[in-house]
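Assemble chain B onto chain A, guided by the hints.
Each protein sequence line maps, in turn, to chains A and B. Letter by letter, the first sequence follows residues 1 to 786 in my numbering. Letter by letter, the second sequence follows residues 1 to 288 in my numbering.
To be clear, the hints were calculated from the coordinates, so they are not data collected in a lab. Fair warning: this is a prediction, and the values are worked out from it, not measured in the lab. Ideal Cβ positions, reconstructed from N, Cα and C, are used throughout, including at glycine. Some clues are possibly wrong.
Stated by the list, open to error - Short derived list, chain A residues pointing at chain B, Cβ under 10 Å:
{"id": "1", "residue": "101"}
{"id": "2", "residue": "103"}
{"id": "3", "residue": "125"}
{"id": "4", "residue": "468"}
{"id": "5", "residue": "527"}
{"id": "6", "residue": "535"}
{"id": "7", "residue": "537"}
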Amino acid sequence: MLQNMLIRWLVGYPKTAFCLCLLLVAITCSGLSKLWISIDYQVYYADDDPYRLALKNLESQYGKTQNAYLVIQHKDPKANAVTAEALQALHKLTESAWQIPFSQRVTSVTNYKFIQAKGDDIKVAPLLDNPSSLSATEIETALQRLQQEPAVNQLLLSNDKTMAAVSVGLHLPDNPIAETRQVTSFIRKLLADFEQRYPQLHFFASGSVFADEVFAVATEQDLLTLIPLSYGVLIIILVILLRSTRAMLLVLSIVTLSVTIAFGIKGWFNPVISPVTAFAPSMIMIIAVADCIHLLNGFMYHRRQSLSHSAAIIETLRLTSRPVILTSVTTIIGFLGMNFSSSPAFHDLGNVVAIGVGAALLLALVMLPAWLLIKPIPVSPKQSVVSRFMPYLAEKLTQHPYFFLAASLLFSLLLIVGISQNKINETFIAFFDNSFEFRQNAEAIDQHLTGLHRIDYILPAAKAEGIFQPSYLQSLASFSHWLRQQPEVAHVETYSDIIKRLNQALHGDNPAKYHIPEKAELIAQYQLLYELSLPYGHDLNNRISFNHDATRMTVRLWLTDSAAILAFDQRVQRWLAEQAPNIVKAQQNLPSDTQGIGIDMMFAHIALNNIPAMYYGTLVALFLISFIIIAALRSLKVGSLGMLTNLLPITMAFGLWGWLSGQVGLSISVVASLTLGLVVDDTVHLLHRYLHARRQQGLSPAAALSTTLASSGVAIVKTSIVLAASFAVLAASHYTPNAQLGLLTAITIIFALIIDLLLLPPLLFLLDQRITQPSVIKELEHASHS
Amino acid sequence: MHLIRKASYQQAIYWLTLSLTVLASSLTVSISALAATATSEQATQALTEAKQRGYEIARLADMQDLGYSDMQVNVKMILLDAMGRRAERSLAVSTLEMTKDGDRSLTLFLSPRDQKGTALLTHAHPQASDDQWLYLPALRRVKRITAHDRSGPFVGSEFAYEDMIRQEVDDYSYRLLKSAQIEGKPAWLLERTPKDAHSGYSKQHVWLDKQAYRIWRIDFYDRKHSLLKTLFFEDYQQYANAYWRPLRSIMENHQTGKKTILEYSGYHFKNGLTTTQFSQYQLRNQTH
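Pulled out of the complex, with its shape left as it was, chain B reads as follows:
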């Protein structure tokens, strides 16, 4: 009798503990689920906000250049590999501001010798594929390049063509990651994701200062989201009392150890260039 009572007493305690545990854990689960919904709602809201802010900052940065009308610059491209070998190319680049369409740019190859006089004309389009033509002096003909993808390395360098030219705001979607410091200045850190499915990048991290919206650094992530390259801009100068341009930009490839330096010289703004100089029909004559 005594034994039975003892057993039932133990059983009662056992059941009590079990039911309490179940109750407690179900409560915890439901509370944390509630909390999770709350945080996920908050997170969605925060994300939308970060996206809006990001887009605004990108647009503001783009606006800084508004009214530059046209620009010419000489570019010396220095290619370095991990063992310190070096190669050089030189280019002359002109760009024309377009209000209703993407900007137009003309790249004239000055060296290597066998490519001298070759000219690349690009009409950028914010929503569609860009148009590109190449004038080949040896053939005395203009060829239209209809590749839908500009992500390959430009003349063997670490720059893709899309890294070198001014970007259209709507080529990317944006997200403001945080406020940061770059070169001792307060800055924004933006994440931008290319809209073009053929891009070689999954995302880019862009640092621009809050003062003048100058880009100081871009981290490029490849298709598998690994850090591929970093681009640094150095020695910003102001031209025509308005437009900031770097004197050097350095692209480092983290995966191969190769590096390309662009040295800019002779910036000229508002040269009175017109669409005629940026027409595929005039391309042949532009280069002489």
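Pulled out of the complex, with its shape left as it was, chain A reads as follows:
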């Protein structure tokens, strides 16, 4: 009743309805101005994420872990990067690096504080402070001595001397949006200037600020390329499907306004745009288009049945609004299911898209018909190819139901086997394809100099001042020794190396004395001697806690994936438990965990934690959607049949993914939840139409199937093509997680179409004919009574 009243009001006052919609858009879009793009990887983590807290705790004690890494290489990659000229450049670059905004520490071979002792004179000074004044042999000796320093080799100077680096520790404020860009653009300018001054040398940079920046660049690229691309694809497909430019423009406006409303509302509640949210406009557009197509398809169908213009609209709204509302609700539930993700960035994506789907529903049901009433569009009388193909398919399906059933089941089984190939894994560097400078630099550095991944271990001593205990330092020394033997490890920085080096220097530089002294007092006093000699930006505050109860060990790993990082960390835990029980015991008294700390650890854990979280999220969404569908179709059996066929395409897609890639990362882990609401739509339309034909029209199963495919089947094929093609466009993103998300979603939608056309109809047909006929008839009677 209510529905009829609303339709009558809409037909009576289309201009008012239209203006009300515009007013809504105007109100919400005021939130747009609040939006900003966050380049902080922290958007991926909840505030109480234990790994995030551990990093915060570490940074409060040892200083921020952000860094920049400036590298010098000869243009001829085999040539030495420490020639007299290159050293001069390095020296100048080191000096200039102090001018980088937010820099706190600057180290390179030219300012590395080398410990020397001559009798009772202690000198802690750079060996290559003024490289131009040194002879070739002096440089050679200095380099030889420097390369024996564990803190230099494979970090500031590569083993083969083809790359030298300036390591810059930065201290950026929290939420560094503008600051990161300020640092990276300063460095780019600096390096460009050096490239000009030293044409034989090649200068490039890496480090955490560049990693942060590349996320922002990827987000902007996606916003700038994917949205126009999505529009392009939509325009082409819409023109083909609707065969009317005006209808196409109408749909595009509705779609754009839906995105505007969603982001306007987002601006009021959560104005941060992360790389993941950058994906939302495309998604909303795609889903909104599907709604519009269903409505326009119905409208054109009725117009072709030679109904009058307004009668066709009334009829369309009467028949199509129910399934459109139903499918929108299921889609919204599917996207809201993303709130189960352990990453807030995906909550945000889910919520924005859910709002967008709601907005699209409203606009499609009110604005679209209102506009059609104000300014009618012409309808081509020709039927599309799809429409002509459907009766043929229906005939074949009813003739050989077993064949289709068996063939599609076999096909899906083959794919599903691939699920076992999937592993939870994420390769950070592969987030960015080769078009990113960041990836090229990181890989070049990884090949010659040192690894990109950094893991920190805080190793506490039993009590305050405990780090001076020889037993503690022995544990540190053997731990770092073991670490250096691990194949993943590129570099280890530890306090015990400094103490060993001091002991050697104070014993006439005797290499035999490169070990930990026997007395705590001696160690403490050596350290004091060393600390008093250190200038600004070279202190030990980033290595030892100020009450001397813990030290920090920094391990750099060669480029690898999250599974390898987690496996490495577990091996480390095992080694510590066996070989350094005193440290592990002291760790148990601390609030923080014993595990590795850092952004790389956070990344490694988030995919791992997200999968179970999304698994529950998807289950809850599935349960809710099933409930709604069963209630809406008023048939437990048909409803649950529909749900089963919806799980199949998702499982098949993950099976295919197993054969294709096998790496399930953070973004792939949300695909099931994301597609659930979408693939359900097709089934809902099909089943709705089928039951309508059986109940209201009283058709036989075969005839009902034929009508269903001829009407809803056509719409399903159209929307699936739109959805799959548009999601496939997202695969063009240079940011791999978004590209994979788009690709796998497109695959899932295609599989859903195949299942809905080839498996569901024969199954429905067979069950209806043989088993459920009495019950359907009972339902029929029940429905007609109510």
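Just chain B now, kept in the frame of chain A:
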């Protein structure tokens, strides 16, 4: 004919306007250039004056301490980080006034336990690098530290060694920025720039009161001219009827959120200390 006349009339107006504009703008440029030279000359003069005044004030401040001969004080150092963790060290510091050279100072470490008895002797030199020796009781030896740079943090605190000791006037060049108010007192605001190229600071802003030339606040700027730290002095007391000393000084690091508090107690002046107590050869015996 009429048309041509009209055109030439318009052209004339056009040329007239153009030439007037050119004339006017060239006049403006030359006048402003003249004005600029005048102001830049004035500015140079003002700068020289500010530099002289600054140097005078610094010298006057230094003179306030003239004749203190020697001083002893106990220092409790409290280190705090942004999360509220805390560590303590304690030191005993003696300084000896030198007339022809920079002052000498002896810092004795009382805690942490493993560093107890370690003694740091510094001979400051106004024009050259300071000399420093450290006595290590565990080794029973005196080691000479020949680093040319004292800008690193002192025992993990927010103080650099150079922030803790009395500064030589000639370690810096000065500029008087303005008269200001500090702690409700009329004060000078000086800018001082370290002469040592290895210093961790590009400049410091120093507030000292006009009454007794006591320093109340110093802002430290790092090498890239960003504000790094602020040092506050609190509770000035006068000793030996002449010398003002604070009971607390607080160093806040604006970049890391860390903080170090120095609490001074037991100031003693004119204890009759001599260069013998501040000799590197006696360092071993001083600490017992």
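Evaluated hints:
1. Of the supplied interface hints, the one on residue 101(A) holds, with its beta-carbon coming within about 7 Å of a beta-carbon of chain B, less than 10 Å.
2. Nearest Cβ of chain B to the Cβ of residue 103(A): about 7 Å, under the 10 Å cut. The hint holds.
3. Hint status for residue 125(A) relative to chain B: holds, with the closest Cβ pair at about 6 Å, below 10 Å.
4. At a threshold of 10 Å, the smallest CB-CB gap from residue 468(A) to chain B is about 5 Å, leaving the interface hint in force.
5. The interface hint given for residue 527(A) is met, as the beta carbon of that residue sits about 8 Å from the closest beta carbon of chain B, less than 10 Å.
6. With a cut of 10 Å, the hint placing residue 535(A) at the interface with chain B holds, because the nearest CB-to-CB distance is about 4 Å.
7. With 10 Å as the threshold, the beta carbon of residue 537(A) comes within range of chain B, its nearest partner Cβ sitting at about 7 Å, so the hint holds.
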